[in-house]
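A.B. asks: Given the coordinates of chain A, work out where chain B should sit on it, guided by the hints.
First to last, the sequence lines map onto chains A and B. To convert, take the position in the first sequence, counting from 1, and add 41; that gives the numbering used here. To convert, take the position in the second sequence, counting from 1, and add 527; that gives the numbering used here.
Check each hint, because a few of them may be wrong.
[Said to hold, decoys possible] Output of the computed footprint for chain B on chain A, the stretches with three or more beta carbons under 8 Å from beta carbons of chain B: (1) 43-56; (2) 204-218; (3) 232-245; (4) 299-307.
These aren't lab readings, by the way, just hints derived from the structure by calculation. Here the structure is a predicted model, which is why all the values come from computation and not from measurement. Glycine is no exception: its CB is placed at the ideal position from the N, C-alpha and C atoms.
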Amino acid sequence: MCFKVTPDFEELPEADWAAAATHGLQTRYVRRVLNCFDESALELALRLSDTLATRGQTVDLGALSIGGREVEPYLTTLVALGYERATRVAPEADAAGAGPADANADANADAAPTVADAGFELAPAAVAAIVAAHVRRTDHSDLLLLGCRSGPGDGGTVPFRVAEALGWPCLTQVTEIEPSGEGRLRVAAMVDDGLLRATLRLPCVLAVGNAVVSHLRVPTLRDRLARREKPIDVLEATALGIDVAAERMREGCALTGLETIDRGRRGAVIAGETPRAKARALFDSSLRDLIEAP
Amino acid sequence: MRFAALIDGTVATAARQARALAGFLGEGLTGALSADLSGDLAGDLAGETFVFYWDERDKRRLAGLAPTRAVRLVRAAARRPEQVVESLAAAARGGEATLFLAAAGPTGTEIVTRLACRTGGAVLTEALSIEARPEHLVCRKNVYSNHLVGRFELSASPSCVTIDACWNDSRGPTVAEHRILSDTDVTGGIDAAPFEDLELADLPPAGDFAASRFLVVAGYGVGSRAGLRRVADAARRMGADLGVSRPVAMNAWAPMDRLIGVSGSRAAPAVCIVVGASGAPALHWGIERAGFIVAVNPDERAPIVRNSDAVLLDDGVAVVEELAEIIAGRRTPT
Numbered sequence: 042m043c044f045k046v047t048p049d050f051e052e053l054p055e056a057d058w059a060a061a062a063t064h065g066l067q068t069r070y071v072r073r074v075l076n077c078f079d080e081s082a083l084e085l086a087l088r089l090s091d092t093l094a095t096r097g098q099t100v101d102l103g104a105l106s107i108g109g110r111e112v113e114p115y116l117t118t119l120v121a122l123g124y125e126r127a128t129r130v131a132p133e134a135d136a137a138g139a140g141p142a143d144a145n146a147d148a149n150a151d152a153a154p155t156v157a158d159a160g161f162e163l164a165p166a167a168v169a170a171i172v173a174a175h176v177r178r179t180d181h182s183d184l185l186l187l188g189c190r191s192g193p194g195d196g197g198t199v200p201f202r203v204a205e206a207l208g209w210p211c212l213t214q215v216t217e218i219e220p221s222g223e224g225r226l227r228v229a230a231m232v233d234d235g236l237l238r239a240t241l242r243l244p245c246v247l248a249v250g251n252a253v254v255s256h257l258r259v260p261t262l263r264d265r266l267a268r269r270e271k272p273i274d275v276l277e278a279t280a281l282g283i284d285v286a287a288e289r290m291r292e293g294c295a296l297t298g299l300e301t302i303d304r305g306r307r308g309a310v311i312a313g314e315t316p317r318a319k320a321r322a323l324f325d326s327s328l329r330d331l332i333e334a335p
Numbered sequence: 528m529r530f531a532a533l534i535d536g537t538v539a540t541a542a543r544q545a546r547a548l549a550g551f552l553g554e555g556l557t558g559a560l561s562a563d564l565s566g567d568l569a570g571d572l573a574g575e576t577f578v579f580y581w582d583e584r585d586k587r588r589l590a591g592l593a594p595t596r597a598v599r600l601v602r603a604a605a606r607r608p609e610q611v612v613e614s615l616a617a618a619a620r621g622g623e624a625t626l627f628l629a630a631a632g633p634t635g636t637e638i639v640t641r642l643a644c645r646t647g648g649a650v651l652t653e654a655l656s657i658e659a660r661p662e663h664l665v666c667r668k669n670v671y672s673n674h675l676v677g678r679f680e681l682s683a684s685p686s687c688v689t690i691d692a693c694w695n696d697s698r699g700p701t702v703a704e705h706r707i708l709s710d711t712d713v714t715g716g717i718d719a720a721p722f723e724d725l726e727l728a729d730l731p732p733a734g735d736f737a738a739s740r741f742l743v744v745a746g747y748g749v750g751s752r753a754g755l756r757r758v759a760d761a762a763r764r765m766g767a768d769l770g771v772s773r774p775v776a777m778n779a780w781a782p783m784d785r786l787i788g789v790s791g792s793r794a795a796p797a798v799c800i801v802v803g804a805s806g807a808p809a810l811h812w813g814i815e816r817a818g819f820i821v822a823v824n825p826d827e828r829a830p831i832v833r834n835s836d837a838v839l840l841d842d843g844v845a846v847v848e849e850l851a852e853i854i855a856g857r858r859t860p861t
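In isolation and in its complexed conformation, chain A is listed as follows (with noise of 0.2 Å):
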């Protein structure tokens, strides 16, 4: 399982956006989320586990994390929820404590127009080569889950860099996984014509898009009592043998701007005593004409 952490980008304010283009972003007040689909991701491995568990078979989960020690209490969560292993890796040396992407933002704090905070934010191809080299060389696992995109990118190209690199199969917008005989999965995945059903063998990467099941469970205290010495290993990118700065300069592809978007509206208010007023305002001063025309 591999997990990312993000701002909660809603709860930046309009000015703080409206000023990206000339100012950079800064995001490191804003509160840390799990990333929607990768909330989903964990919730459908701890799923899979329970399934096996019942016809005698056992999973051994792992999670992945890449990021500060914003991302620990999430991995130690895991940790509760049954996850065996927990890693965090580093990007860049964050001994002190802040996440890579923060140091980054203050880096560039007066940069003019920038990727401020966004650094390592917006490098796929150095998360791939992390996940990927970690899979090989400490996981060992045959099924890597994860989410099919996240901010501030939002590509979605990741899972399919993780099985270019490992030369699994990956499918993604996966909504549904079930175990099927040995060494197999049926799944369920939204492709572009349609709702594809369809086994797969293992090794291969699987990215999960809009599931039914979204939420992760929330272990009970005796679970955190009882997995509470476990611990989650920091690893930084190098002791994978991954050099950031490197996978950056491959990728060929860099951030160099930020704009903001005038969306072309201008919401005017209409007024009214009641709900049933304003409702009846807004339909005669423009729904009628809307809706009844031909």
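C.D. replies: Same frame as chain A, but now just chain B:
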């Protein structure tokens, strides 16, 4: 520089891919590499289309969809990305194109990503536009959950790009006559069927919302599953389709196929009433092509208030029920 557009004709979405690519080539691609739709391969600005097909009987029709005059037909099996990627990688290594363009979607994302990985190229997905400069490409795409547009420099070659789904409904110029440059078969030799026992079911959502003229989108502010039921009933009485924001779908108040926004469907209704949704950019992407957006929300600081045409600062469920009464009343014969 040459570009290659990609159409996966082994699946049912070939016509939509072709329309999107034609629209993008007509308006989204600018600069030194302007789209030469006449497909003069002798010139530096030429473009061609790789059309992948499975059924021999279908290939002429599929070739006719190509947004460039020059077409390369490639016979490949459906859902076998390995075959598609390897044939494109061979073309890239042969210098037949330095920019590969695919339509939005999981297939396009997989193809361009794997292609870039194998050829040392650059990849970018969901491009809003591309400006070709002599030394590199400048691509614009939405970032930060659609709060901002990022400008990216693509300096590696080939550049492998999917275009944003906003081009899906475009109407680009059509090409009257195509020239088939090659017709190859890559179905043999690669044993890489990653899937077994395939079943494909139609997905209802995109088609439904694409045809919507009147849409009500409910957000988490409707308060509960019961609140959503009231909005759904009001929408039905108004003759509107019902979409929902991601928090509503994630709480299982409505099925995922009702989801509007970046991770769901994109609609272009004449009228869209947004009830109890903050109007985060990821949702707004799904409705921004609406002719007229009405926001019903008690919070005057909600983003939807600034990004709509008319605003009713009030309880969304109550207002939409009143609207339903007014509209349904007009339709009921007296």
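A.B. asks: Output the numbers, in ascending order, of every earlier hint that fails for this structure.
C.D. replies: none
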